[in-house]
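Peer 1: Next come the chains, spelled out residue by residue.
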Amino acid sequence: MLRPLLKMRWLCLVACGALMLLQTAARAELTIEITGAGANRIPLAIADFGGDPGVSRALTSVIRGDLERSGLFKLIDTSGAVLTETTSPAYDDWKNRGADALAAGSISSSADGRQEARFRLYDVNKLTALAGAAFVTSSAMLRAAGHRIADAIYEKLIGEPGVFSTRIAYVVHSGPTRFELHVADADGQNAQAALKSREPIISPAWSPDGTRLAYVSFENKKPVVYVHSLASGQRIVVANFKGSNSAPAWSPDGRRLAVVLSKDGGSQIFTVNADGSGVQRVSTVAGISTEPFFAPDGQTIYFTSDRGGSPQIYRTDVNGGDAQRVTFEGNYNVSPRVSPDGKSLAFISRREGAFRLAVMDLASKQVQILTDSNKDESPTFAPNGRMILIATEIGGRGVLSAVSVDGRIKQRLSIPAGDVREPAWGPFSK
Amino acid sequence: MKRFLIPALFVLLIAGCSSTPDVPEQGGAPVESRDANTGASVATVTTPSLAGSKLPPELTDPKSILSKRSIYFDFDKYEVKPEYKDLVAAHAKFLVSHGQLKMLIQGNTDERGSREYNLALGQKRADAIKKMLTLLGAREEQVESVSLGEEKPKNEGQNEAAWAENRRGDMLYSGEF
Chain A
7 MLRPLLKMRW LCLVACGALM LLQTAARAEL TIEITGAGAN RIPLAIADFG GDPGVSRALT
67 SVIRGDLERS GLFKLIDTSG AVLTETTSPA YDDWKNRGAD ALAAGSISSS ADGRQEARFR
127 LYDVNKLTAL AGAAFVTSSA MLRAAGHRIA DAIYEKLIGE PGVFSTRIAY VVHSGPTRFE
187 LHVADADGQN AQAALKSREP IISPAWSPDG TRLAYVSFEN KKPVVYVHSL ASGQRIVVAN
247 FKGSNSAPAW SPDGRRLAVV LSKDGGSQIF TVNADGSGVQ RVSTVAGIST EPFFAPDGQT
307 IYFTSDRGGS PQIYRTDVNG GDAQRVTFEG NYNVSPRVSP DGKSLAFISR REGAFRLAVM
367 DLASKQVQIL TDSNKDESPT FAPNGRMILI ATEIGGRGVL SAVSVDGRIK QRLSIPAGDV
427 REPAWGPFSK
Chain B
11 MKRFLIPALF VLLIAGCSST PDVPEQGGAP VESRDANTGA SVATVTTPSL AGSKLPPELT
71 DPKSILSKRS IYFDFDKYEV KPEYKDLVAA HAKFLVSHGQ LKMLIQGNTD ERGSREYNLA
131 LGQKRADAIK KMLTLLGARE EQVESVSLGE EKPKNEGQNE AAWAENRRGD MLYSGEF
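These protein sequence lines map, in sequence, to chains A and B.
Everything in the first sequence is counted per this note's numbering, starting at 7 for the first residue and increasing by one.
Everything in the second sequence is counted per this note's numbering, starting at 11 for the first residue and increasing by one.
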């Protein structure tokens, strides 16, 4: 008799812990506002998940929040509906409510104290189930199960992978000597500080496997490039040569980094192994060559140079050789980032004195300006290529803004207590 | 807290008793079990603070020209202006006579534009000061030129006066970096 009772108490402690964590997460620092939405949103009903009311309500709100913020779905009111993944849905009712798709599910705790979230997605018009999955997670990571379900729904309905389970990194500046490198879920929740410093931190870049961040830290009164393992906190100095060391960018295979060094005069692009060995020079033209970024082929590096008299974007082979100029409109085009499919280039362009996010279709060379802000910086593509996250300024404060590649959907991520800057969107989670 | 925990406990007790329903296969959409955990936890690292040490008095005495350490640049300009030649020459002379001392030159820019591009522009300013110092006799290995770009503004304002203060090269001696 005692044993089952004890077990029950333990179970409840774990479950309570999960609840409290969910509540803490809801108060976390980064908040997201949607400031624009897509033109043709899919009407989607997500029924309240079954199971313990507190836990399932939190889970349902993670899923709804993810899908709604994407700007691609219109959430249909589900009040009064009681169903889970085991119920046969009343398709006519959902059709009458205006839904094209319906998701239902439940959450339960298993004997080992872990949580199992199950769901099914239905096509209301074709009267069929489209997808279903169960995700097992520790109580502390319950939000992760919600993101996984949102990803599965997104992928089935949109036809490309979702990015709700990915993470972002950014720098928070909250006082003259307070700089923190944070890692958070893509929805801004679950933020954790990877590095706290009294000196600036810039240019974070995710390793392709999502376990490490390369960045520039000024903790030694000069810019030095580090590679930081997130789980252990172990840091490796990748480039600390005489002069400045900056602008790290990973090769797609994660073995090498492009960096900018001033050790040989000027600011020049080099490549280096992820442990700091094997330094090779890439750019050779005198002056400034900086902001290297690998194309997905691993062979081409896009970068910014003043060799033509004003900062413009060029591309070159990773082994060096002649560079071709890529941008021609305007006299200030910087911070090139190639899309994950290699077909377009995001960059910052100065137009009429304002720094704005631009996207170039690399085949046609057509350039589209996506924002009307004044101080856009540091673009970073979501791993599915659908959104671009930038740093910008609103009311004198640094915020992050996510903009869809067609410019229609806009979200803003801000922290009341400080400037947020230097975003880097991580890879798909394994 | 306790008031909220007790009903929560009660609710969770009930939840703990329910069993996981078996999900039947439906229309080609099987429910498969996967691990939801996306990322590992993140360990927090705090960088250590650098400790300063004593400088020769000439470098801090306000009456000495050597107490002046900043050189200001015009907008989009990277050459040391003639008005700073005497100051740079005094520091070069001091470095020659104090061969054991080292200098770190930090170039800075205003906040407009890309952080990394500004880092490269700040480097041009620091390099210009270093070049003048070495031409006047300071040893190459005595002087390091680096850039802080727009990251350490002296004046946080967003106007021409503030930007002019931030377009700057600072000379630091051993013990200050």
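I should point out that these hints are in silico values taken from the structure, not numbers from a laboratory.
Computed from a predicted model, the values in this text were never measured in an experiment.
Certain hints may be false.
[As the list claims (entries may be wrong)] No farther apart than 16 Å at their CA atoms in a straight line, the calculated lysine to aspartate or glutamate pairs in the EDC-like style are these: (1) B:K141 - A:D425; (2) A:K227 - B:D180; (3) B:K162 - A:E225; (4) B:K141 - B:E154; (5) B:K164 - A:E205; (6) A:K227 - B:E89; (7) B:K162 - A:D270; (8) A:K269 - B:E68; (9) A:K248 - B:D84.
Peer 1: If a hint holds in the structure, say so; if it does not, say that too.
Peer 2: Outcome of the hint check:
{"no.": "1", "hint": "B:K141 - A:D425", "verdict": "violated, 36 Å"}
{"no.": "2", "hint": "A:K227 - B:D180", "verdict": "holds, 12 Å"}
{"no.": "3", "hint": "B:K162 - A:E225", "verdict": "holds, 12 Å"}
{"no.": "4", "hint": "B:K141 - B:E154", "verdict": "holds, 10 Å"}
{"no.": "5", "hint": "B:K164 - A:E205", "verdict": "holds, 14 Å"}
{"no.": "6", "hint": "A:K227 - B:E89", "verdict": "violated, 23 Å"}
{"no.": "7", "hint": "B:K162 - A:D270", "verdict": "violated, 24 Å"}
{"no.": "8", "hint": "A:K269 - B:E68", "verdict": "violated, 30 Å"}
{"no.": "9", "hint": "A:K248 - B:D84", "verdict": "violated, 26 Å"}
Hint check: violations occur at hints 1, 6, 7, 8 and 9; the rest are consistent with the structure.
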